[in-house]
Each structure stands twice: as C-alpha cells, then as structure tokens.
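As they're listed, the protein sequences go chains X and L.
Our numbering applies: residue 1 is where the first sequence begins, and numbers increase by one.
Our numbering applies: residue 1 is where the second sequence begins, and numbers increase by one.
Since the hints were derived computationally from the structure, they do not count as laboratory data.
One should not assume that every hint holds.
Where chains are identical, the list cannot tell them apart; a pair therefore holds if satisfied intra-copy or between any two copies.
[Stated by the list, open to error] Once the Cα atoms are required to be at most 20 Å apart in a straight line, the calculated DMTMM-like pairs of lysine to aspartate or glutamate come out as:
(1) Lys-20 with Glu-134
(2) Lys-364 with Glu-314
(3) Lys-3 with Asp-105
(4) Lys-364 with Glu-235
(5) Lys-227 with Glu-353
(6) Lys-3 with Glu-235
(7) Lys-364 with Asp-231
(8) Lys-265 with Asp-277
(9) Lys-308 with Asp-191
(10) Lys-308 with Asp-24
(11) Lys-225 with Asp-43
(12) Lys-42 with Glu-235
Nothing here was measured: the structure is a model prediction, and the numbers come from that model.
Protein chains: 2
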Amino acid sequence: MRKVSIIGAAISKFGEHWEKSLRDLIVEAGTKAVVDAGVEGKDIQAIYGGTMASGRFIGQEHIGALIADHLGMNPIASTRLEAACASGSVALRAGYLAVASGMYDIVAVGGVEKMTEVSTEEAAIALGGAGDQEWELFMGATFPALYALLARRHMEQFGTTEEQMAACSVKNHDNGSKNEYAQFRNKITVDDVMNSGYISEPLKLLDCSPITDGAAAVILCAGDKAKKFCDAPVEIAGSGQASDSIALAQRKSLTELSATKEAAKQAYTQAGITAKDVQAAEVHDCFSIAEILAIEDLGFFKKGYGGKAAEDGETVLNSQVSINTSGGLKACGHPVGATGVKQVVEGVWQLQEKAGARQVVGLKNFLTHNVGGSGATAVVHVLRRA
Amino acid sequence: MRKVSIIGAAISKFGEHWEKSLRDLIVEAGTKAVVDAGVEGKDIQAIYGGTMASGRFIGQEHIGALIADHLGMNPIASTRLEAACASGSVALRAGYLAVASGMYDIVAVGGVEKMTEVSTEEAAIALGGAGDQEWELFMGATFPALYALLARRHMEQFGTTEEQMAACSVKNHDNGSKNEYAQFRNKITVDDVMNSGYISEPLKLLDCSPITDGAAAVILCAGDKAKKFCDAPVEIAGSGQASDSIALAQRKSLTELSATKEAAKQAYTQAGITAKDVQAAEVHDCFSIAEILAIEDLGFFKKGYGGKAAEDGETVLNSQVSINTSGGLKACGHPVGATGVKQVVEGVWQLQEKAGARQVVGLKNFLTHNVGGSGATAVVHVLRRA
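Here chain X stands alone, though its shape is the one from the complex:
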C-alpha cells in the first residue's frame, strides 16, 4: 500500500448554528481545508463524507452528492459513509484506502452533522438508531441510559466514582477553553458536574456531550507527493477498524469496548508502535465514562485505573498522555458525523505545532479514537509527521 499523508485540515466553529444549514457548514470547513492544503479545487479527485443521520435530522440523504454540488466539485465522485458517531472516521478510512490503492492522488474527506433542526426528543430517537433499534431504542434505552449501564458496571467492578468521571469533563472543558472552535469555552469544576443533575443515573448533564452543528475536513495526498503542497504533511501511520455486537446485551463484558481494543491493535501494529509511544490522543468521550473506557482499552492505563488516572491529572495537557486536547466531544462539541474528522484535524494541528495554548510539547505520535453507538464500531488512527 502507498503511504498517505494529510496536507490540509480545517473545521467550522462548533455550536448551535440556527443560521447555518448543513450545506453552509460543509462549505465552510471544506473550502478552508482546500486553502490550507495549498491545492486548488480542480486538484481534488474524489470526496468521502461522513454523516450519521441526516435523513432524520434534516430530511436529506445523498449527502455525498450534496457536498460535491455545494463545493462546486462536480463531476468528481463523492460518497457518504455512515457508522453512527464514527461516521467521520470511516469516511477518513475510505479516503485513505482510495489513495493507498492508487486510484486517486488527492481526495477530500469531510464530516458534518446539522443536529439542531429537530427537537431534543427527535434527536434522541435519531441518535438511538446508532444502537439496536429493535432491542434497545424501541424499549426506551436512549444513549445516556446505555452508557449509564456501562458506568454502573465500571463503578461496581473497579470502584470508579462519579467524581472520577467528573474529572474527565473538567479537564475537557479546560482544554476546550483554549480552543476557538469549541462549542463550550467555559471552565467547570467537579462540583459543577456533581450538581448538574442526573440525566441517567449515575451520568449527569455535565457528563454528557452536547448536541452540536459542525463540520470538519481534511485533504489527503499520496505520501510521495505531499511535500509538493505542504511543508509539514502528517502521515496516516496506522488505521484500524473493528466491530462488536450492536446491542449491549450481547457483549462479553460491559467494562471494556472490545472493538476499541481490536481497532487499536490494528493501528498500533501498522504504525509499529505501542500505546507507550503515544503522547496525545483524541478519544471518544460521548459520556465521561466513555473516556475512562477508552484510555484503558487503548492501553494508556491498566483496566480499572482509568478513573483514578483522570482524577490524578494523568490525562491533562502535557501530562503522561494528553487526552482530548481539543476539548473532546464534551467541550469542543459532538456533531456526530463530523467528530471523527475533527479529531484528526486536532491531531494534524498538534503535530504541525499550530495548537496555540493547548499545544502538546514533544509530540511524536497522535492517536484518534472514534466510537459508533455503544461500541459496535471503533476506529483508531495513528498520526505522525511524515
């Protein structure tokens, strides 16, 4: 396989954008990424876009064609991919394989979701389609409830506390305060989280990522051509993807996401590294407990010690491993189809030392970890300077 590098990266401001449509968001991120890459629109040979539930959020399918159309990129091939909240990452992986195959030299990868045009109830139902519709959502199990089950089990088995989970949110808001694109830039305390009211016990409002409108885009280039366009291309050194049962009831364990472990193994092997070689990561903190599961399953901390690590400050900026430098899903926001691509944009900026006040020092390998549903899909990428 050919090596593939990222030569441009951009995101839209994440937030509640009543005045912007999905089209506006993708044009904003897409055009900025093209400019950042130093290519021209005509150099782009194909588009891969991630969107989770545009059919339910805005009544629009066929998002690939919509993106090509509104970016003025017809007639190039433009394709939508979907894997629930991991849609952005599977789009990246498809773009990566398309360039690696030799079919294309330069492709654009985007992720987008416009979530605020429906009520919170409708959004919960749309998002519930990421789990098992027949055996979970239909029975009333929305996503806060599913992750609350995972949290309960982790607390029971390892003594993880609500305060430890809260520490993830506090740290992510701290990082988000340094990110101009983040939905929430306010700092919060453990007390704020503890007093924020139960959504699904033990998860409280400030354990939960928000509803967000946003888009992100990167430009991929064949590795041997990347330096023609970009002084500091970022190589996709490893790409892993794995599946697990869509319903929690079928899982062997509720204290790990086995798809995360498998996807990480693939990505580490391809990149020729282990978890110890990763200095910073964007992980999938749709709920605070998800971040704890992730930092354990990715191998950064021993199983059962993720909560303690978070509480002890071992995941803050420039600690053992800087987790969710962008602010994560919690503070940067979680436009579900865009998140996987946004994680990669953050990795590119960190590796190019463009991350300003949240810059990680001495960074060599940056990892992105994106989960669909309650862990039925996990995608892991390892990035480093080409």
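Since the structure of chain X is provided, determine the placement of chain L on it from the hints.
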C-alpha cells in the same frame, strides 16, 4: 492497483416481505454469497454495505455494525455507504478499492433495504431525501414528478412517445418472468402500461419501479487469489463514479444524465473498451424514461434514439445489447440500497452462464449502471470473466 475479482454472488428473493426484517434479508443474501464463494466466514476480512434510508424506513442507522453482528462476523470492520439509490454500487466500489489497495484480500459487499415497514407516503418522503430536500421535496416534488419532468423534456426534444417508454417496462417484465428472484414475474403489454393510470403525467404506474424489500451480496477477492476459491471468477474490469447537481434545476441539460456519461467514460477507459464491446447491461430503470436516458448516455444508442431502440426490440434478450436481463428495477424490484449490488450479481451469473432462461449468448463484457437521485450520482462497473 491490484486486480479484483468477484468469487461469490447471491440475492434474496425480492418482494414485499412482511415476515422478514432487514436483518433477515442481509443474512439470507450474505450467507448464500459466502457459500457460493467457497470461502468460510473467517476468511472475510471486512464488509461494505449499501443502504439508503434505513434511518427513516426502520429507525436504524449503523447498518455496517448491524450486518457484521447478525452475520456473526465480529470483530471485522463493517462499514455502511450511502448514495441514495446508488448505495449498493458505492459500497461495491469501496470494497473494490479496499482490496485493490492491498489492505484486504477478501471482503464482502452487501446492499439491503427494508422499505415496507412504513406507509407509501412515508416512503415517498424518505426517497425524496435522494433529491434536493430544500429545493425539490419540500416544494412537493417527489421522484415520480422529477422523472416526469425528464420524460416531458425528452418527448418534447426528440419525439419520444409514451408507448416507447412502455416498451421498456414490457421488456423488463418479460425478463423478470424468467428470474426466480424477481418481485414481478407476470408479463405485461404496452396496452397494460398505457392503461395503468398516471402517477405523474406522462409516467404511469407501470412506468415506475416498485417499493421492495431485498438484499444482495458479493464476495470480492484479490485477483491473483481468486482461482483458489472459484472456477469462474469475474473481474471488476472498470469502475467509474461521478456526481452532478442534486437538484434538476441546476442541470445544464434535462435530456441526459451527465454523471452517467462521466462514470461510463471512466469505466470504459479503465476496462479498455467502448460501448460497442458491451453485450449486456443492468441499467437504472427506476422509471421507464430512466432506462431510455441510460442506454443513450452509456453510448449504446445515439441521443434521442433510445425510445425508438426500445420500441424496435433492440434491447430485448440477445438483441444488439441485452438490457436489464434480471427484469431491472421495474420487474426484479428496487430495494434501493440493494439494487446496485443486485445488478452486479446478475452480471456475475450471466458471465458464469448461470442465468438459465434469460442467459445472454456470446457475452464478454457486462455493464452495471446505478443512479442516485435524479442523476446526482452515477456509478458504472464493467465486469468480465477473469
């Protein structure tokens, strides 16, 4: 790029399956394809699945994970692709590129749609998401209306008649009568079509493809390993995909689908052939006028002469070019996410001389043509014996 071959192919019976869920349909087609390929489940390294609007049809997104789960294929990567009614073909193309890249040697590609769990009105709205939601569907333009506009313009500019369009449906029902998997196996006459009542003038009921439940699957293998599993592997000799404006109002012409022409050009070039070298094709006849546009835009007949060719019998089985040997979308049925894969299954069976009473004689190159929306996406593949 490595060569890629198809070593197994299967479809479920197409029709209204009140007793079967989407899960049942994909398991039916998927397991039959694995058996046909002579591989074992553990040999499959990844899955690519096409589904258009499962979020609206059955409240379920994350179809990739669902497929892997219900086929017992965890933890391999499983990814959904969507391009409206061309979802199956973009899934095939993604699987093709993944094997061509060298990442995988054997992958499964599926397409599936379960359309009968909602009312006809809800289905029309779900399908309307294939066009421009803001500028077409929201204004009341459902798909029969959009294709009626294309038909009107073709009639105006080239003198195409309703009887000529009807000839496409008559021929497709004739072919479908020979296909045990087809939704409709009854033969019809031009008078039947003419008397079937307007849906959106000039299109009548029997000009329109039906609402269908169904699934289709193929197994792809690296070309140099295909003969280990299959005596008669079928090579994907050309693959093309192109985009056009999602709304009809933005098109330069209403008498051609420019995305079809561009995708065909790519596929012909890669396969080293021209339209003259194609003896049989599955083309996207969501409405009868769409078949006329297709056989012109693919280069089988001169622009404006597609209606006459259909009327003169130049597209029937074992004529100049055998069109829609399976019965097409009209008679075989149109489970939107499955159609693109079903077209390829028909191509494989024809090239392997397994098509029984509808076998094309002297077949060398088989073409599949799948359209998303009113032509915003078109995907063309050229198949031949490896």
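Hint-by-hint comparison with the structure:
Taking the closest pair of Cα atoms, Lys-20 and Glu-134 come within 20 Å of each other only across two copies (13 Å); inside a single copy the shortest separation is 34 Å, beyond that limit. Taking the closest pair of Cα atoms, Lys-364 and Glu-314 come within 20 Å of each other only inside a single copy of the chain (18 Å); across copies the shortest separation is 64 Å, beyond that limit. Taking the shortest alpha-carbon separations for Lys-3 and Asp-105, both the intra-copy value of 11 Å and the inter-copy value of 18 Å come in at or below 20 Å. Within a single copy, Lys-364 and Glu-235 get their C-alpha atoms as close as 11 Å, which meets the 20 Å cut-off; across copies the closest is 42 Å, which misses it.
Proximity of Lys-227 and Glu-353 under a CA criterion of 20 Å is satisfied intra-copy only: 17 Å inside one chain copy versus 50 Å between copies. When the C-alpha separation of Lys-3 and Glu-235 is checked against a cutoff of 20 Å, the pair qualifies only within one copy, where the shortest distance is 7 Å, while the shortest distance between copies is 26 Å. Within a single copy, Lys-364 and Asp-231 get their C-alpha atoms as close as 17 Å, which meets the 20 Å cut-off; across copies the closest is 49 Å, which misses it. In the homo-oligomer, the alpha carbons of Lys-265 and Asp-277 lie at most 20 Å apart inside one protomer (13 Å), although the nearest pairing across protomers, at 47 Å, exceeds that limit.
In this assembly of identical chains, the alpha carbons of Lys-308 and Asp-191 lie at most 20 Å apart only when taken from the same copy (17 Å versus 77 Å across copies). Taking the closest pair of Cα atoms, Lys-308 and Asp-24 never come within 20 Å of each other, the shortest separation being 42 Å inside a single copy and 44 Å across copies. In this assembly of identical chains, Lys-225 and Asp-43 lie within 20 Å of each other by CA distance solely inside one copy; the values are 12 Å within and 35 Å between copies. For the homomeric pair Lys-42 and Glu-235, neither the shortest alpha-carbon distance inside one copy (23 Å) nor that between copies (31 Å) is at most 20 Å.
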